[in-house]
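Given chain F, work out where chain V should sit, using these hints.
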Amino acid sequence: MKVHIELFGTLREAGTGDAIELELPARASVAMLRNTLAEHLAEHAPALPHGLLQHCAFASEDAILQDSDAVPHDRRLAVLPPVSGG
Amino acid sequence: MSMIHATAVDIAQAPLDPAAALEFVSDPRFGGITTFIGRVRDHNHGRIVTGVSYDIFRPLAVKTFEAIGNRAREQIGEPLKLYIAHAYGRLAIGDLAVVIAAGTPHRDEAFRACRLAIEAVKHEAPIWKQEHYIDGDSAWSEGCSLCEQHRQAESGARTAVPVASPGT
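From first to last, the protein sequence lines are chains F and V.
Numbering (my numbering) for the first sequence: 1 to 86.
Numbering (my numbering) for the second sequence: 1 to 168.
So that you can see chain F by itself, here it is in the shape it has in the complex (with noise of 0.2 Å):
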């Protein structure tokens, strides 16, 4: 399945854009999003500090999402890198 990836803060800058689409197995993970989303960024972003999708959260528009969650139905989520508001 395609999977719509927002991107937002340093990640808009990585050089991919504002979003990003990946493939991935139907029922996939958060956990198995983060390690597919790493690899695209380490071919695609070099620039970005590596560890730094670690310290990231995968959010739906209703709530911060968990490893061990699926990947929403549908199938569109977003990437926040450590947070600086307010």
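Derived DSBU-like pairs (lysine-lysine); straight-line CA-CA distance at most 35 Å:
hint	chain 1	residue 1	chain 2	residue 2
1	V	122	V	63
2	F	2	V	63
3	F	2	V	122
Okay, the calculated bits of chain F under chain V, using three or more residues with CB under 8 Å as the criterion:
hint	region
4	1-13
5	55-63
6	68-82
The set of hints was computed from the structure by calculation and includes no laboratory data.
Positions of the beta carbon are idealized from the N, C-alpha and C atoms, including for glycine.
Same frame as chain F, but now just chain V:
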């Protein structure tokens, strides 16, 4: 009547409005009104700042503000009204980045609710600040990792985990 007002405002459309915040949290029952206003300042860590840009995952940010409001009601008590508004886009020095107001019958709860809200916004909302400097450089601010907060919450501890974000 809603007790919580939660919004994210595109600075290109309108500035934040402290008067609206005060009006929202005012109530004949309330003797204590507190406000926090975050403005863009012209320096940080020894560097001259010319402006900031806020990126935001807007739907989750607004939900986060609402959850913060509900938490304030649970922890501090009712009646309580809370107003949370955060700007996004390119802000100039002096622009208002965040406006928070709280209204409660007495002052102690109003101070506590306002402080709870701004700390939670800073540590939990999906918002990112990028500073722009006089030398033309820009850098994303050091942030708090949301996934590590969740992992710690699951294990029983709940503290913000700051993580340095790389500059550009």
